[in-house]
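A.B. asks: Let the hints inform the model, and build the full structure from the sequences given.
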Amino acid sequence: MMNKVTTALGFSLVGALLMIAEPNNLPDSLFNKAEAVIGRPLTPISYAGVARRTTRRTVYAASAAPTTVVVTEDNSYEQQQAAQAQQQAAEAQQQAALAQQQAAEAQQQASLPVGATLPSLPPGCGSTTVNNQSYFHCGGNWYRPAMQNGNIVYAVVANPS
Amino acid sequence: MRSIHYFAAVVMWVGLSSTAVARPEIDAQANEVLKAVNTYMSGLDALLISAEVSEESVYGDNHKLLFVGTVELGIRHPAQFFTEHHTNFKNRRTYLNQGTFTVFDEDVNVYAQASAPGSLNDVFTKLHARYGISSPGSELFSGNAYELLVSKASRVIYVGESTIGGRACHHIAGVLADMDWQLWVQKEGDPQLCRYVITDRNVPMAPQFSITFDKWQANANISNQRFNFRAPADAEAIEFVK
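The listed protein sequences derive, respectively, from chains A and B.
Here the first sequence stands for residues 1 to 161, where the numbers follow the numbering used here.
Here the second sequence stands for residues 1 to 242, where the numbers follow the numbering used here.
These are calculated hints, taken from the structure and not from any lab test.
Ideal placement from N, C-alpha and C gives every residue a C-beta, glycine not left out.
Heads up, some of the hints might be wrong.
[As the list claims (entries may be wrong)] Taking CB as the label site, the calculated pair distances span: (1) B:Gln217 / A:Ser111: 46 to 56 angstroms; (2) B:Asp45 / A:Asn132: 32 to 42 angstroms; (3) B:Lys242 / A:Asn131: 17 to 27 angstroms; (4) B:Pro232 / A:Asn131: 18 to 28 angstroms; (5) A:Thr129 / B:Asp122: 32 to 42 angstroms; (6) B:Pro117 / A:Gly124: 35 to 45 angstroms; (7) B:Gln29 / A:Val114: 51 to 61 angstroms; (8) A:Ser111 / B:Asn221: 51 to 61 angstroms; (9) B:Lys35 / A:Thr129: 51 to 61 angstroms; (10) A:Gly124 / B:Ser115: 36 to 46 angstroms; (11) B:Arg130 / A:Ser111: 23 to 33 angstroms; (12) B:Glu106 / A:Gly124: 19 to 29 angstroms; (13) A:Thr129 / B:Thr100: 21 to 31 angstroms.
[As the list claims (entries may be wrong)] Chain A is nowhere near these chain B residues, computed Cβ spacing over 10 angstroms in every case: (14) Asp45; (15) Val71; (16) Arg93; (17) Gly132; (18) Val159; (19) Glu161; (20) Thr163; (21) Arg167; (22) Arg195; (23) Gln217; (24) Phe227.
C.D. replies: Structure representation (structure tokens):
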């Protein structure tokens, strides 16, 4: 009995270690958050004297804010997806009602200010090409990839069409 | 004798780390090695290096992951470089050529470009000020390594000698307000770099960046093409944002 428990524990520990050793197996969101919040170690070239600590803290807080937005967005997307599943079931009978409901949802979705950046796209974004440039659209917001502090981020832009 | 030396260095290190000193204090031996590095690096026309990098990333409240990868770095003075950085979650190339800086992300297949005139040191400094881009280790190749390593340090000490990749190397350490660097420099022959480690104490869990230089080709004959970024047909241009 004890042996079985120990073995099971052993396997799960090995499993856990393998998961940790292989970044590809980790949820993307974990990485994006880690990268966004902490980033890379600073270097003497980026070291700006006494004021740096304050500056870094500010950046830290600023980076954390969009991450929080992502978390909120994650939840709202799950909710939205669940709501959509229900709606699809009712779709055959209530097409007109669905159209109204979707319009209402679009109004209710949080729209982010143009220029805000997220470390990763919210789930379920669709992509469109306008004038040979990729745009991602979801949750009432349009995004373009951009480079910020050496990381790829997704910047909120105006509706390109 | 060596162990006494080492012990003394460690005691010094512990003692000094906890003391805030207004004027930088630089160990004479460490100073000599760093000056030699600066003179040697500034005197090179071109340099081609392969290195292994490891980079810690902090997530959650108190967890660390270590990403290991390779970097190939080519430099030609006065103002050309390229890097190819590969880890299992990031594949990145950078270029500086004819006053234009390019970052190309292979995974997302996008690139960003910016005007970057001036010397390597100017470019590294401006890239950080304007776009928040700082590549750990770039200070060593800026042509201004001594100044960048020493000027903001409260202490620079000579720790001792250690063997890296079969080479005897001087071990030097610098203490900044909330960051430490450690540099290992080849003892025999040219003062080539053996290893460089940064510890960022400003971040919880103090993540470290480490680069170990494997292949070092001074005044290498690097073809012009290697500094020249040609965008793949399907790659998309993106903007730098603040």
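A.B. asks: If a hint holds in the structure, say so; if it does not, say that too.
C.D. replies: Hint-by-hint comparison with the structure:
Checked against the hint of 46 to 56 angstroms, the C-beta distance between B:Gln217 and A:Ser111 comes to roughly 53 angstroms, which is consistent with it. With their beta carbons about 40 angstroms apart, B:Asp45 and A:Asn132 fall inside the hinted range of 32 to 42 angstroms. At about 24 angstroms, the CB distance of B:Lys242 to A:Asn131 agrees with the hint of 17 to 27 angstroms. Roughly 19 angstroms separates the CB atoms of B:Pro232 and A:Asn131, a value that falls within the hinted 18 to 28 angstroms.
A C-beta distance of roughly 37 angstroms is found between A:Thr129 and B:Asp122, which places it inside the suggested range of 32 to 42 angstroms. As the Cβ distance of B:Pro117 to A:Gly124 is approximately 43 angstroms, the hint placing it in 35 to 45 angstroms holds. For B:Gln29 and A:Val114, the hinted distance range of 51 to 61 angstroms is satisfied, since their beta carbons lie about 56 angstroms from each other. Take A:Ser111 and B:Asn221: their Cβ atoms lie about 55 angstroms apart, and the range 51 to 61 angstroms holds.
Remark: the range hint 51 to 61 angstroms for B:Lys35 to A:Thr129 is upheld by a beta-carbon distance near 55 angstroms. At about 37 angstroms, the CB distance of A:Gly124 to B:Ser115 agrees with the hint of 36 to 46 angstroms. With their beta carbons about 29 angstroms apart, B:Arg130 and A:Ser111 fall inside the hinted range of 23 to 33 angstroms. For the pair B:Glu106 and A:Gly124, the supplied restraint of 19 to 29 angstroms holds, since their beta-carbon distance comes to about 25 angstroms.
Between A:Thr129 and B:Thr100 the Cβ separation comes to about 26 angstroms, which falls inside the hinted range of 21 to 31 angstroms. No Cβ of chain A comes within 10 angstroms of the Cβ of B:Asp45; the nearest lies about 22 angstroms off, and the non-interface call holds. Against chain A, the non-interface label of B:Val71 holds: every CB pair exceeds 10 angstroms, the least being about 13 angstroms. Listed as outside the interface, B:Arg93 is consistent with that label: its C-beta sits roughly 13 angstroms from the nearest C-beta of chain A, beyond the 10 angstroms cut-off.
Distance check for B:Gly132 against chain A: the nearest CB is about 4 angstroms away, which does not clear 10 angstroms, and the non-interface claim fails. Distance check on B:Val159: its Cβ is at least 18 angstroms (rounded) from any Cβ of chain A, clearing the 10 angstroms threshold; non-interface status holds. Remark: the non-interface label on B:Glu161 is consistent with the geometry, its nearest Cβ contact in chain A lying 23 angstroms away (cut-off 10 angstroms). Residue-level check passed: B:Thr163 sits 25 angstroms from the nearest beta carbon of chain A, beyond 10 angstroms.
No Cβ of chain A comes within 10 angstroms of the Cβ of B:Arg167; the nearest lies about 24 angstroms off, and the non-interface call holds. Every Cβ of chain A is farther than 10 angstroms from the Cβ of B:Arg195; the closest lies at roughly 15 angstroms, confirming the non-interface assignment. The beta carbon of B:Gln217 sits about 24 angstroms from the closest Cβ of chain A, which is more than 10 angstroms, so the claim that it is off the interface holds. No beta-carbon of chain A is positioned within 10 angstroms of the beta-carbon of B:Phe227; the least distance is around 20 angstroms.
Against the hints set out earlier in the document, a violation occurs for number 17 only.
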